[in-house]
Each structure stands twice: as C-alpha cells, then as structure tokens.
Amino acid sequence: MNGGISVLHDTDAISVVLSSVSVLFFFLSLLIFRVFIKHRETPIVRANNRSLSFLLLVSIKLSFLSVFLFLGRPVDITCMLRIITFGITFSIAVSSLLAKTIMVCVAFKATKPGSSWRKWLGVKLSNSVVLFCSSIQIIICMTWLAISPPFQELDIHTSPGTIIIQCNEGSAIGFYSVIGYMGLLAAVSFVLAFLARSLPDSFNEAKYI
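Numbering-wise (our numbering), the sequence shown opens with residue 293 and increments by one.
Just so you know, these hints were derived from the structure itself, not from any lab.
Every value quoted in this text rests on a predicted model; they were computed, and no experiment measured them.
You can trust all of the hints, since none of them are fake.
Quick list of simulated restraints, FRET-style, between CB atoms:
| no. | residue 1 | residue 2 | range |
| --- | --- | --- | --- |
| 1 | ILE428 | LEU323 | 30 to 36 angstroms |
| 2 | ARG365 | ILE336 | 45 to 51 angstroms |
| 3 | LEU487 | GLY453 | 52 to 58 angstroms |
| 4 | ASN419 | THR303 | 38 to 44 angstroms |
| 5 | LEU417 | ILE448 | 51 to 57 angstroms |
Below are the SDA-like pairs computed for lysine to any residue, each with C-alpha atoms no more than 25 angstroms apart in a straight line:
| no. | residue 1 | residue 2 |
| --- | --- | --- |
| 6 | LYS353 | THR370 |
| 7 | LYS416 | LEU347 |
| 8 | LYS416 | PHE325 |
| 9 | LYS353 | ILE336 |
| 10 | LYS416 | VAL396 |
| 11 | LYS353 | ILE471 |
| 12 | LYS353 | THR303 |
| 13 | LYS330 | LYS353 |
| 14 | LYS416 | ALA485 |
| 15 | LYS353 | ILE306 |
| 16 | LYS330 | LEU389 |
| 17 | LYS330 | LEU316 |
| 18 | LYS416 | PHE482 |
| 19 | LYS353 | MET434 |
| 20 | LYS416 | THR334 |
| 21 | LYS353 | SER307 |
| 22 | LYS353 | VAL480 |
| 23 | LYS330 | ASN341 |
| 24 | LYS353 | ALA478 |
| 25 | LYS353 | VAL309 |
| 26 | LYS353 | LEU316 |
| 27 | LYS353 | ASN341 |
| 28 | LYS353 | ILE369 |
Each residue gets a CB set at the ideal place from its N, CA and C atoms; glycine is no exception.
Could you build all of it, start to finish, from the sequences and the hints given here?
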C-alpha cells in the first residue's frame, strides 16, 4: 500500500517466499542439469533419452523463473508475458514427459519379435510429440494475444478508497484455454504413465505410481 495504491511489491512477504522457493528449485534443477551434462556420455544418461531430459530440465528452470513476472508492479508487457511464458514453458516440460512415456511404451512394444513398432524408435517420434503438443499451446497463446491480450487494470471497486493495480486477463476464453490445455496435457501424461507402470522394470519409469 502506498498513498492509496495497492500493488504486490518485491519486498512483500509473499513475494519473498515465492522468490526464494523459485530460486531454490531453479538451482536444484540447474544442479541436476549439470550432472546430466557431466555424465551425458554414460549409458544410463544415453538410455534415458538425453535430448528430452535436457529439454525437460531447461523448460522446468524457465518455468521457475517465470514466477518473477507475477511479482512487482504489473504493466501491459508483464501482464501479457506472465501467463504466456509460464503456459509455453510448462507445456514444453509436460510434453517432454509425455514423449518420454510414449517412447517407453514404444520401446517395450518393439522388443517383441517381428514387431512393426521398431520403425517408430528414435528421436524423430519424441521430437515430433514435443513439437506438436507445444505448438498447440503456442497457437493458443498467439491467438489470445492477437484477439484480446491481457493488460494493466486499476481496480477501484474491490477495496473502496484503494486503487489496486492488477492484470486484466483480457479474453477469459484465451486465459482458460491456456490453463485448460496445460491441464489436458498433464492429465494425458498421467494416464499414460499410470498405464505404463506395469511394464517390466527395464522399461518402467512409472513403477512408483
């Protein structure tokens, strides 16, 4: 609160907590990424789909950093970037998980004698899954920005006598489409991982579900 104007400052308690948690998990992700880089030529990393693992870790780190777009005094550009940035980076992360699960299922199918699934093995399938799923989110976001983008709003009704500076999401359909698509991707990834939990240990990345 400053002279009748209310805004979430970087020094507010909730901002400090969110920033600290985001930075902590960012550096944890960075540490894991460095371990993967250091041991990238080892059999266990190569067998874990190296390129997808790198993409997953990078997108997770960017998702943590996107938290800072939600802090401080909002302006039009940050209002547009906050959901768009998180939506795209999170969708890439979930798409990577989905691609990894699909590759596990395909690899298991391909072990059977005379299986036609062997032609699907390789990076082309996993890259195509990530590209396709992420592109849908990008199209949704670009359509949202083109039709009715988020903008800075001064709210004088919620708290009489106080001007609350906040972001108006513009098109509610665009906002919920971005959120809904992330939920859909997460749900599909969970269902596939749940179904893959019964695969043999050598192929199973979801055995603890």
